[in-house]
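J.: Sequence:
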Amino acid sequence: MMCPVLGVLKCFFLVSTLLCKDGMTAPSPLQYPYRCPYNQSEWEDRASILKCQGNDVYHCLLSADKVSVKENCIERSLVLQGHCPFFTKEGYLHWATCNETGCPDTHFHSDEVYQHRICFGNTDHQIIENSQKRYYIDDGLSGLEIFGLVASFIVILLVVACVLVARFRFGVCNGEEDEAVKMASMFFEAKMSFALLEN
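For the sequence shown, the residue numbers in mature numbering (1 follows the signal peptide of the UniProt record, and there is no 0) are -20 to -1, 1 to 179.
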């Protein structure tokens, strides 16, 4: 018969892994319905947050759906006069002919697209209509994420405390409780190191 405490621990680890798996994956390109940086200083500020490496540089371009923008770190590319760059659904840089007033009249590098607002379609209008919205996602933890981390920490402490109480009060349950304590300890250390990496 399986020890009840160990069963609860296994269920907790399974559920927390499923709920928290997105927070533990590598960062991916961001997509949101606001606007790209409006000038060089905003562009550089956002680039310093994303910390692109190697030959890749920060880009914020219109996405393939033409109603939102997407950020990514990619190599810069020369965009020909009369064209606007955008990200494909797969995240590749592509360009389209611009047929409107105000289209780029010179060649430019893809990471200088902020100089040509026409290339962002109608995404600039959304920030004007609601100036309270920010154009980028804050790199700090949101209130919900902080609550999740604190709640996870408290649950882990309670589970470890229950395991220890059960172990000393009822004795070892076929040696499985030692495994449960080790699992809880490893999970706690992983959560703490993840929290430290976020800061």
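Note that these hints are calculated values from the structure, not bench results. Some clues are possibly wrong.
Said to hold, decoys possible - Derived SDA-like pairs: lysine to any residue, alpha-carbon spacing no greater than 25 Å straight-line:
1. Lys46 - Glu70
2. Lys31 - Gly71
3. Lys31 - His74
4. Lys31 - Ile54
5. Lys69 - Cys53
6. Lys46 - His89
7. Lys31 - Thr77
8. Lys69 - Glu55
9. Lys31 - Ala44
10. Lys46 - Thr68
11. Lys46 - Thr77
12. Lys46 - Gln61
J.: Determine for every hint whether it applies to the structure shown.
T.: Hints, one by one, checked against the model:
1. Lys46 - Glu70: holds, 14 Å
2. Lys31 - Gly71: Measuring from Cα to Cα gives roughly 18 Å; hence the hint holds.
3. Lys31 - His74: Holds. Lys31 to His74 sits at ~22 Å (cutoff 25 Å).
4. Lys31 - Ile54: Distance of about 12 Å is within 25 Å: holds.
5. Lys69 - Cys53: Satisfied, since the Cα-Cα distance of roughly 15 Å is no more than 25 Å.
6. Lys46 - His89: Between Lys46 and His89 the Cα gap is close to 20 Å, so the pair holds against 25 Å.
7. Lys31 - Thr77: violated, 30 Å
8. Lys69 - Glu55: holds, 17 Å
9. Lys31 - Ala44: holds, 24 Å
10. Lys46 - Thr68: holds, 10 Å
11. Lys46 - Thr77: holds, 14 Å
12. Lys46 - Gln61: holds, 20 Å
Hint check: a violation occurs at hint 7 only; the rest are consistent with the structure.
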